[in-house]
Amino acid sequence: MTQNSISTMSIARAIATKDLRIEWRSKVLVNQVLPFAGIVMVLFAFALDNDGILQRVAPGLVWLAVLFSSLIIVQRTFAIESADNALDAIKVAGVSSAGVFLGKSVALAVQLLLFECVLVMLSLVLYQVQLSWGGAVLLVTVSVLANVGIATMGALYGGLGAAAKGRETLLPLLLLPAVAPVLIAATRATESAFGVSGATLGEGWPWVALLAVFGALFGFGGTLAFGVLTEE
Amino acid sequence: MGSVDEAVRLHNAVVLLGSFPALAEASLVVKKGEIVLISGANGAGKTTLLRLCAGLVPLARGEASVLGFNLATQRKEAQAHVGMLGHANGLYLDLTAQENLKFWGAVVGASSREIALSAQRMGLHERLLNTPVAKMSAGQRRRTALAILVIRRASLWLLDEPHAGLDASGRDEIDNILREAASVGATVIVASHELERAGALATRRIEVVGGAIVERGAQ
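Protein chains in written order, with my numbering: chain S, 1 to 232; chain W, 1001 to 1219.
Each hint should be verified, as a subset may be incorrect.
Stated by the list, open to error - Facing chain W, a subset of chain S residues (Cβ under 10 angstroms, in silico):
1. Ile11
2. Arg13
3. Ile15
4. Lys18
5. Asp49
6. Gly52
7. Ile53
8. Gln55
9. Arg56
10. Ala86
11. Gly99
12. Gly221
13. Leu229
14. Glu231
As the list claims (entries may be wrong) - The list that follows gives simulated cross-link-like pairs (lysine-lysine, DSBU-like), each with its CA atoms no further than 30 angstroms apart:
15. W:Lys1135 - W:Lys1076
16. S:Lys27 - S:Lys165
17. W:Lys1032 - W:Lys1076
18. W:Lys1102 - W:Lys1135
19. W:Lys1032 - S:Lys27
20. S:Lys165 - W:Lys1076
21. W:Lys1031 - S:Lys27
22. W:Lys1076 - W:Lys1102
23. W:Lys1135 - S:Lys165
Derived from the structure by calculation, the hints contain no laboratory data. The model shown is predicted, which means the values in this text are computed figures rather than measured ones. Positions of the beta carbon are idealized from the N, C-alpha and C atoms, including for glycine.
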């Protein structure tokens, strides 16, 4: 069997399993990223020390904390590839770039999902937001779809910046504008889930549909573009 | 491009690193089954030559083919048959040696038996296999990287200072593995400063001088 006959899905599974195993062992998400996000959310609470304002802006604060923290997670996921130049080894092996992209995206999405669960719980306590069952269903759907968008864009731009000089500062410049539509849609849908700013549950679902479109576009585009963008 | 018994053919190949010509109109033909030693001063272009053959740097001008694949248009196809061990080992430091081998086994489609055999071959016993790479010595990491190269079953082996950091038995084992690979048809290109050891292994020697290739003859 040669590398050519290994399916893209098998490679994606191997990459995702490897990334999650490394994260499980190093505990960077738990020991560094989560405390960072927690501090950001507490600082937001201090800065906007007014219950009415806090509740109104809570959805945006949650997603901003997710986006800022996702930068660290994305950087980490490609730092493990460049620490001993494993990315070059993967390139030389002629491994399917679509498989690498999908594997990286899945590992990022899983980490982000676990991370968001904690952040949403924290926001319910810190910002005193009420969440109905219908709101919880909407919120879970939003989280999953927004994750697809953030994870795929993170994998694409993380891979693009991995070999670049100044990658630590390049990634935010590339990633944050690209995921701005996800931030807007996720924030609006979360407002509906939290029932703040006069938003109703029904108003949140069209934003969910938009997130699904973003996720599909980013996933499809990323699968095609990853190999070309990370080639050099 | 090139005949079927050629593993590498370069004709006036130019590789630019920024605006600096790291390879300047280099020409080279390597036949299948040869073990070629590349010598040369630091910065002469040895690593760039290996990276060009691995499809890791683009060809600016000239012609280059590896195993019959044109590097300008069929880089991915060529890479599927090329194994490279550079200055870095390409390992995941948080994983154990065993987990690194299993990952590469899954990516290239090697069986558990092939993985076990390559580990055994490189002297990676059970305790070492279960040690995180971050806690291994330089020589142990090199052995792990070589075990991965073995399970890749490459047709063209590119090695940059493969003996670095290894003890005497590890060096002997590498030489045996490279000879064995060449005996079954693989082509080996080794860049090394250790001319005595690598020279004894090689069937032919070339030197890279200022980005150009100078033939130094059969060993």
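Verification of the supplied hints:
1. Look at Ile11 (chain S): its Cβ gets to within about 6 angstroms of chain W, closer than 10 angstroms, so that hint holds up.
2. Nearest Cβ of chain W to the Cβ of Arg13 (chain S): about 8 angstroms, under the 10 angstroms cut. The hint holds.
3. At about 8 angstroms, the closest approach between the beta carbon of Ile15 (chain S) and any beta carbon in chain W falls short of 10 angstroms, and the interface hint on this residue holds.
4. Interface hint at Lys18 (chain S): satisfied, since its Cβ lies 5 angstroms from the closest Cβ of chain W, which is below the 10 angstroms cut-off.
5. With a least beta-carbon distance of about 41 angstroms to chain W, the hint placing Asp49 (chain S) at the interface is violated under the 10 angstroms criterion.
6. Residue-level restraint check for Gly52 (chain S) is violated (minimum Cβ-Cβ distance to chain W is 46 angstroms; threshold 10 angstroms).
7. A cut of 10 angstroms between beta carbons decides the hint on Ile53 (chain S): the least distance to chain W is about 42 angstroms, and the hint is violated.
8. For Gln55 (chain S), the shortest C-beta to C-beta distance to chain W is roughly 41 angstroms, which exceeds 10 angstroms, and the interface hint is violated.
9. Checking Arg56 (chain S) against chain W: minimum C-beta separation of about 42 angstroms lies over 10 angstroms; hint violated.
10. Annotation: Ala86 (chain S) was flagged as interfacial toward chain W, and the flag holds, the nearest CB pair being 5 angstroms apart, inside 10 angstroms.
11. Contact between Gly99 (chain S) and chain W, as hinted, is supported at the beta carbon level, the nearest pair being about 8 angstroms apart and thus within 10 angstroms.
12. Evaluation of the Gly221 (chain S) hint against chain W yields a violated restraint, the C-beta minimum of about 20 angstroms exceeding 10 angstroms.
13. The closest approach between the C-beta of Leu229 (chain S) and any C-beta of chain W is roughly 14 angstroms, which is over the 10 angstroms cut-off, so the hint fails.
14. Checking Glu231 (chain S) against chain W by beta carbon gives a least distance of about 8 angstroms; that is within 10 angstroms, so the hint holds.
15. Restraint check for Lys1135 (chain W) and Lys1076 (chain W): the C-alpha separation of about 34 angstroms exceeds 30 angstroms, so the hint is violated.
16. At most 30 angstroms may separate the alpha-carbon atoms for a hinted pair to count; Lys27 (chain S) and Lys165 (chain S) meet this at roughly 27 angstroms.
17. This hinted pair checks out: Lys1032 (chain W) and Lys1076 (chain W) have alpha carbons roughly 20 angstroms apart, not beyond 30 angstroms.
18. Distance restraint check for Lys1102 (chain W) and Lys1135 (chain W): the Cα-Cα separation of roughly 18 angstroms lies within the 30 angstroms cut-off, and the hinted pair is therefore satisfied.
19. A hinted pair counts as satisfied when its Cα atoms are at most 30 angstroms apart, and Lys1032 (chain W) with Lys27 (chain S) does not qualify at roughly 47 angstroms.
20. Between the alpha carbons of Lys165 (chain S) and Lys1076 (chain W) the distance comes to roughly 25 angstroms, so the proposed pair stays at or under 30 angstroms and holds.
21. As the CA atoms of Lys1031 (chain W) and Lys27 (chain S) are separated by approximately 49 angstroms, the hinted pair breaks the 30 angstroms bound.
22. For the proposed pair Lys1076 (chain W) and Lys1102 (chain W), the alpha carbon gap of about 23 angstroms is at most 30 angstroms, so the pair holds.
23. As the CA atoms of Lys1135 (chain W) and Lys165 (chain S) are separated by approximately 28 angstroms, the hinted pair is consistent with the 30 angstroms bound.
Hint violations for this structure: numbers 5, 6, 7, 8, 9, 12, 13, 15, 19, 21, all remaining hints satisfied.
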